[in-house]
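> Start from chain A and add chains B and C according to the hints.
Residue numbers (the working numbering), protein chains in the order written: chain A, 1 to 311; chain B, 1001 to 1332; chain C, 2001 to 2296.
The reader is advised that the hints may include incorrect statements.
Said to hold, decoys possible - Derived pair list, reagent style EDC-like, types lysine to aspartate or glutamate, alpha-carbon separation capped at 16 Å:
hint, chain 1, residue 1, chain 2, residue 2
1, B, K1302, B, D1283
2, B, K1083, A, E215
3, B, K1065, B, D1021
4, B, K1248, B, E1324
5, A, K158, C, E2256
6, A, K216, B, E1084
7, B, K1009, B, D1077
8, A, K216, B, E1120
Said to hold, decoys possible - Reference listing, derived: stretches of chain A covered by chain C, where coverage requires no fewer than 3 residues with Cβ under 8 Å from a Cβ of chain C:
hint, stretch
9, 127-140
10, 144-155
11, 278-289
Think of the hints as simulated: they come from the structure by calculation, not from any bench.
Quick caveat: nothing in here was measured; it's all calculated off a predicted structure.
Backbone N, C-alpha and C define an ideal beta-carbon position, used for all residues, glycine too.
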Amino acid sequence: MKKYVLKRIAMMIPILIGVSFIVFTIMSFTPGDPARLILGQSAPQESVNKLHHEMGLDDPFAVRYFRYMKDAVQGDFGTSYRTSRPVFEEIFARFPITLKLSLVSIVLVVVIGIPLGILSAIKQYSILDMICTVSAMLMASVPGFWLGLMMILLFSLKLGWLPSNGVGTPAHYIMPAIALSLPIAAEVLRMTRSAMLETIRQDYIRTARSKGATEKIVIWRHALKNALLPIVTVIGSEFGGLLGGTILIESVFAIPGLGSLVVNSIRTKDVPQVMAATMFIALIFCVVLLLVDILYAFIDPRIKARYEQVK
Amino acid sequence: MEEKLLEIKNLEVHYITETADMKVVNGINLSLEHGETLGLVGETGAGKTTTALSILNLLPSRVGKIKGGQVLLEGKDLLKEDKEEIRQVRGERISMIFQDPMSSLNPVMRVGDQIAENLELHNREKRSKEDIENRVCEMLELVGIPSSRRNEYPHQFSGGMKQRVGIAMALACSPQLLIADEPTTALDVTIQSQVLTLMEDLKKKMGTSILLITHDLGVVAEICDSVAIMYAGELVERGSIYDIFEGKHHHPYTKGLFGSIPDLTAKRSRLTPIDGLMPDPADLPAGCKFHPRCKSCMEKCKIGAVPVYKNGSHKIQCHLMEKEEKDGWKIC
Amino acid sequence: MNKRKNKQLENLASRPQSGFREVWHRLKKNKPAMAGLIIIMIFILAAVFANQISDYEKDVIEQHISRRLLPPSTKHLFGTDGFGRDIFARVIFGARTSLFIAFSTTIVSCIAGGILGSLSAYYRKLDNIIMRIIDTIMCLPPMLFSLSIVAALGPGVRNLVIAVSVTMTPYFTRVVRASVLTIVDSDFVEAARSQGAGDFRIIAKHIIPNSLGPIIVQATMSVSFMIMLAASLSFIGLGVQPPTPEWGAMLSEGREFMRYSWNVVAFPGLAIVLSSLSLNLLGDGLRDALDPKLKD
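Excised from the complex, chain A in its bound form (with noise of 0.2 Å):
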């Protein structure tokens, strides 16, 4: 098992590296002189083209490439062309508040996602079944950023009950986090929802059944039991969306955090802002998904006994 996680850790280099490549290469369509962006519009032509020169942006794409991931890989990500300052303060000033939101979501997700999900694959075909299936497919069809547009129509300048934008108290975070999970949590309820029904469907819950279990401990040890595999699937990949989401969900609620981040150095054309920013989240998620994979050999033996017999 631990030769397995070592293994999947070993491949997030290449993917890494592979990220890299791949924002690089987007990144260099930049149009515009970074050096005319540090400088300023009214400096002379002259000290431009010379920072140019002294920035190495004279020399082909290879030698740029390849000179980031030298520098990279010694710890060094560059300056930020705004701030001049390292790329990656900016990032983890900016990375808790992220977190915050994240992991509030997250949470969010679960706690009404799979309930409810269970709760209707359980009573199919009644009424909280139709209603809970209804809003889901609703919500799943609802922008995040909408949403929180909407909230705040409502709850900020409509009833003042609740802060508009930036962070401080928890209730800063409530609007923010809902708009971002409830149309996760609307895909996460459809997941359980369809992995309960199939698995209720299966044989060994008839023998469980036949041996006098009561409806409770067929659906909590067997049938959840199963299902949860699927569940935690939907899970880490919702995770990407998650992850895009707070791009706009942070920018609708002027929080300053990585998506921000993000979206500003990409308005300002701050080139190596954005590729740490971007290889940073890049780096979140694969860790995420990682983990659900790890995760998945404490759900279900079958898959434990697969990761064992890597070499």
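Positioned in the frame of chain A, the structure of chains B and C alone reads:
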């Protein structure tokens, strides 16, 4: 007269879907004594599994409806019991093992825990954890699996061993009746024989009655005391193993079944299968359900109920038996 | 679009498909799916006949400061926005923009994904490389990926289409690959081959008809996702540029006027929700119709 262990009277079960109303079991009368092994034989679709599931009320809830009849366990009608009563019968007085061992065990639960679950659910004697553990080991050894394997998962066992686990699980609380729904159909022939021998041994040791559902007459010959033959939801013939295998008279369907078995010793070069197919449960023929395929079909077979004729322990539901009065056949 | 749905579609791709007529018949019985179909057809019709419904120059582009931020009325069904433009007209023309982007990106991703997926399924060596690249891309949340592409290329409809197409191609590649892999190895193809059918005939008569199902489902769900993605990017200001009407951009513009006039943000958003919902319902219905066993 000693009370029978299980008596099924006039059981009627329908499967009701959006498109059809299927009459799967049409008035079955069956009984089982204590310690008896009854083989319930028939083709796929005859209604055998449905009958078995009805005993424990395990039919798929949305489509399976018991439309009438009684299932008497030592005199008490199981169909009239409430949920909690049935729950207590299941696993403790009547247990069931299923056809496909691959999918009948919970893949994410240890094998020992699954057997223990049966004991925990019916823990009237208030057994301690240690006692339960011991009983689990005992059951595993009894079915020929080393008790050291109780912490393993189903996927680590072969098909035959999985079925043994199923048997251990079913017999853990020493039930009075074991319903075995085609327990060996999904297994290799060699393993088949092992499992059957095991079931025989256990039956002798624990005095369990067995209701063995199968389409294989060979299996019946090996371990059954009596046989009931089912066709299109009805019981067409019933008797002891000698009545069925060595008796002079049979229902035309039974004759067809025996004729379809390949026999290495016989001089025949071709099998004689029965013409036609079993009728669609949504559209059953009137009168005797077998009449469209029967070579001896008469006019009166096409309409009205068919009487059951009895000769000792042998019962046959066919108009042809009317002629055999001199041999002892009388209407039941 | 997420991995789970993708996986489900990959699984769907490995089952035998049924005839077109039967699928349509089953779909017709699914009321929510038919409702979805009708609603999206209404949107499509509105987009096509936008010019007949309202005048582009007068209602959508021209600014009339005197009639800013009017509430809904008979003259202006959805009211007017911060620049005095009729919101109803803008939503209709916005449908044209959004649906155009969504459908064109779907077609591009479909074709690109189709080619890549089929190549991947046929040639093992190529398969390794392509799947590695796709796995790497999928480590980036789709929003982030398309954002960086649009950031690099610059705003505008053309670049938006490029960005979203590139982001969605991996999903189509996977579905096509799964489809083709299963069909190629399946028994009935082997049977056809043993009867002397050539490769082209096999592809035309067996592989394509059987792969179409999951691809169509994926395409339907993708259109819905792409409407959202395009709206999201435009919302940040990196997609469609003013004054071109697009639902996401309208939300962004309307933000500052939100406190005075709720209809400025409500209606464009509702348009996104309705179009997305109808496509999701239709996609779900198609998936159920293609393989009834997958249903509850």
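> Against each hint, give a clear statement of whether it holds in the structure.
To see whether the hints hold, each was checked on the structure:
no.	hint	verdict
1	K1302/B / D1283/B	15 Å, holds
2	K1083/B / E215/A	10 Å, holds
3	K1065/B / D1021/B	10 Å, holds
4	K1248/B / E1324/B	11 Å, holds
5	K158/A / E2256/C	15 Å, holds
6	K216/A / E1084/B	13 Å, holds
7	K1009/B / D1077/B	10 Å, holds
8	K216/A / E1120/B	15 Å, holds
9	127-140	holds (count 3)
10	144-155	holds (count 6)
11	278-289	holds (count 6)
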